[in-house]
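With the sequences and hints as input, model every part of the structure.
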Amino acid sequence: MICAVPAPAVADQEQGRRLAQLYCARCHAIDKVSPSPLKIAPPFRTLHERYPVEMLQEALAEGIVTGHPTMPQFSFEPDQVNDFILFLKSLETGKANR
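Per our numbering, residue 164 is the first one in the sequence shown, and the count goes up by one each step.
Just so you know, the hints here were simulated from the structure itself, not pulled from any lab data. Some hints could be false.
To be verified - Using 25 Å as the maximum straight-line C-alpha spacing, the simulated SDA-like pairs for lysine to any residue come out as follows: (1) K202 <-> A174; (2) K202 <-> T233; (3) K202 <-> P241; (4) K195 <-> Q243.
As the structure is a prediction and not an experimental result, all values here were calculated from the model.
Take a look at the structure:
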């Protein structure tokens, strides 16, 4: 008997953008040019300047908790984390959308 091994999920940049729109756009700029609606919220296009966005994987999966009350708590499923990280990477300076 031959058993097929499921292929790993492929990250979906557009799904990552939709997650950002749903959960983050109220405060963060989620594009390459706009200012963030909430001044203290960094635009997503600049996150990679602070640290590699891959460092967010664990926090996104376990639930981001911040020291200020305006940011809601949330967590993503593993495939959503991959989608979201791919989207964030697409915003890095010099990277074209795929």
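Here's how the hints hold up against the structure:
At roughly 30 Å between alpha-carbon atoms, K202 and A174 are farther apart than 25 Å, so this suggested pair is violated. This hinted pair checks out: K202 and T233 have alpha carbons roughly 12 Å apart, not beyond 25 Å. Between K202 and P241, the direct Cα distance comes to roughly 30 Å. Violation of the 25 Å bound is thereby established for this hinted pair. Distance restraint check for K195 and Q243: the Cα-Cα separation of roughly 21 Å lies within the 25 Å cut-off, and the hinted pair is therefore satisfied.
In the structure shown, a violation is registered for the earlier hints numbered 1, 3, in ascending order.
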